[in-house]
Amino acid sequence: MPNFHHWFFPHPGNNHKPKLLHHSSLLAYIALFLFVQLVFSVTMVAKPEVLGLATNISVGDLLTETNAKRVENGLSPLRLNDQLSQAAAGKASDMFAKNYWAHYAPDGSTPWAFIEGAGYRYKYAGENLARDFSVSPQVVSAWMDSDTHRKNILDSRFQDVGFAVVNGTLDGSETTLVVQMFATPGVGQIAQAPKEEVKPPVITQAPAAQFTPTIEVTIPARETITQAPIIEITQAQAVFPAVSPDLNQARLGATSEVIKKPLLNVASLTRSMSIGLALMLIALMYVDALHMFKKKIYRISGNNIAHMTFLLAIVIMLYLVKSGTIV
Amino acid sequence: MTKEIKKYLFHYLFLAIILFFGVVIFMMVGFDKTLQLNVAILTIASYFLWGIIHHFLKDDLHIKVVIEYLLITALSLILVLSLLYRL
Chain D
1431 MPNFHHWFFP
1441 HPGNNHKPKL
1451 LHHSSLLAYI
1461 ALFLFVQLVF
1471 SVTMVAKPEV
1481 LGLATNISVG
1491 DLLTETNAKR
1501 VENGLSPLRL
1511 NDQLSQAAAG
1521 KASDMFAKNY
1531 WAHYAPDGST
1541 PWAFIEGAGY
1551 RYKYAGENLA
1561 RDFSVSPQVV
1571 SAWMDSDTHR
1581 KNILDSRFQD
1591 VGFAVVNGTL
1601 DGSETTLVVQ
1611 MFATPGVGQI
1621 AQAPKEEVKP
1631 PVITQAPAAQ
1641 FTPTIEVTIP
1651 ARETITQAPI
1661 IEITQAQAVF
1671 PAVSPDLNQA
1681 RLGATSEVIK
1691 KPLLNVASLT
1701 RSMSIGLALM
1711 LIALMYVDAL
1721 HMFKKKIYRI
1731 SGNNIAHMTF
1741 LLAIVIMLYL
1751 VKSGTIV
Chain G
5 MTKEIKKYLF
15 HYLFLAIILF
25 FGVVIFMMVG
35 FDKTLQLNVA
45 ILTIASYFLW
55 GIIHHFLKDD
65 LHIKVVIEYL
75 LITALSLILV
85 LSLLYRL
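Chains D and G, in that order, are what the protein sequence lines are.
Per the numbering used here, residue 1431 is the first one in the first sequence, and the count goes up by one each step.
Per the numbering used here, residue 5 is the first one in the second sequence, and the count goes up by one each step.
Hints were generated in silico from the structure; no laboratory data involved.
Hints may be right or wrong, so weigh each one.
Claimed, not checked - Result set (DSS-like, lysine-lysine): computed pairs, CA atoms no more than 30 Å apart in a straight line:
(1) K68/G <-> K1726/D
(2) K1449/D <-> K1499/D
(3) K1726/D <-> K37/G
(4) K1581/D <-> K1499/D
(5) K68/G <-> K1499/D
(6) K1752/D <-> K1690/D
(7) K1499/D <-> K11/G
(8) K1752/D <-> K37/G
(9) K1499/D <-> K1752/D
(10) K1724/D <-> K62/G
(11) K1690/D <-> K1477/D
(12) K68/G <-> K7/G
(13) K1477/D <-> K1752/D
(14) K1449/D <-> K10/G
(15) K10/G <-> K1725/D
(16) K7/G <-> K1752/D
(17) K37/G <-> K1691/D
(18) K1449/D <-> K7/G
(19) K1724/D <-> K10/G
(20) K68/G <-> K1725/D
(21) K1691/D <-> K1528/D
(22) K1725/D <-> K1449/D
(23) K37/G <-> K1724/D
(24) K1690/D <-> K1528/D
(25) K11/G <-> K62/G
(26) K1449/D <-> K62/G
(27) K1690/D <-> K1499/D
Source: prediction; values computed, not measured.
With these hints in hand, go ahead and build the complete structure from the sequences.
Have a look at this one:
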């Protein structure tokens, strides 16, 4: 093809600028990229088994990762608690039902209401939330990177933990929510008896009178209250025996894991396409800049050195974008 | 190319500072997508403004140059937005 090099190299025939860097080409990249993203969105809905977000998050892995972090920091591992897992499942259901993503519901409901609703009487309690992560270690790693969430994971006062991993629709898009609830039992907390059957967590609202006469709630003035709040209840602790992890795992039911393995991962595809396009432009601009300076050609055009530096910064940003959000 | 950089060293230093801080802050707000989006928009908008001012001071600002910066920044914004939306 005689004009093939005109696409890639500056030449009098292409006004001393590779055709792939012309305004029309830049506009075509924008249009093509938007079109591909639209195709991705449609395919994700029509054929989720072909194109989607790959996810592999399980309560077992979350518990292992969380306890590994605690043991690394000289703390005792947390016990997986069925009631806290029910509370976490209730919180996740509430977020999907009321379409919110926060510790406190729009109607003012607190995370502690779910813990109490599951029948767990706590002395201390805390909550970490995450959404849209791909794998369990990423979730725990994100929490550990945040001071407030890290404080919850490494809080020596907590003895029990519960998790829910639930898939649903939030703000119109498919979302995988992870709810982690910590607590230490207070007065009146009855130790869990191991159950043999597998059952999904169900929230049962305990009578209000069961709690109100005996507890005094104080909210300590600490920074965790803004992000991952902790409420302290001034009561004596009850003895609370551990339940075997295997048995707990068996009782988690429907909210214990979300595994999605589409043929193509849309996030990886989008990242590869974006970085590939930016790197291609950098390469073309480098060749163009070399040619311009070598041949001392003057033309009305943008600054290639600046464009390349800018696109390099964009490539780094694209590389830095991680999956998931925590609150 | 080196001659060009030396001639407008102050311009390039200023650009390097904008992009450096843009990337570092983008990294620091890693798990907050809204903040990341805001940082990306601010960095991209700053680059557009830098380009206009740079060419104005060089005395070669032309509508074609403005369009080129507009297209490069629009494309970059779409690339970052798409990935933030997907993840």
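Cross-check of the supplied hints:
no., hint, verdict
1, K68/G <-> K1726/D, "holds (20 Å)"
2, K1449/D <-> K1499/D, "violated (54 Å)"
3, K1726/D <-> K37/G, "violated (44 Å)"
4, K1581/D <-> K1499/D, "holds (11 Å)"
5, K68/G <-> K1499/D, "violated (56 Å)"
6, K1752/D <-> K1690/D, "holds (18 Å)"
7, K1499/D <-> K11/G, "violated (53 Å)"
8, K1752/D <-> K37/G, "holds (9 Å)"
9, K1499/D <-> K1752/D, "holds (21 Å)"
10, K1724/D <-> K62/G, "holds (20 Å)"
11, K1690/D <-> K1477/D, "holds (13 Å)"
12, K68/G <-> K7/G, "holds (24 Å)"
13, K1477/D <-> K1752/D, "holds (24 Å)"
14, K1449/D <-> K10/G, "holds (29 Å)"
15, K10/G <-> K1725/D, "holds (19 Å)"
16, K7/G <-> K1752/D, "violated (39 Å)"
17, K37/G <-> K1691/D, "holds (24 Å)"
18, K1449/D <-> K7/G, "holds (26 Å)"
19, K1724/D <-> K10/G, "holds (17 Å)"
20, K68/G <-> K1725/D, "holds (22 Å)"
21, K1691/D <-> K1528/D, "holds (28 Å)"
22, K1725/D <-> K1449/D, "holds (18 Å)"
23, K37/G <-> K1724/D, "violated (43 Å)"
24, K1690/D <-> K1528/D, "holds (25 Å)"
25, K11/G <-> K62/G, "holds (10 Å)"
26, K1449/D <-> K62/G, "holds (25 Å)"
27, K1690/D <-> K1499/D, "holds (26 Å)"
Comparing the model with each numbered hint stated earlier shows that hints 2, 3, 5, 7, 16, 23 do not hold.
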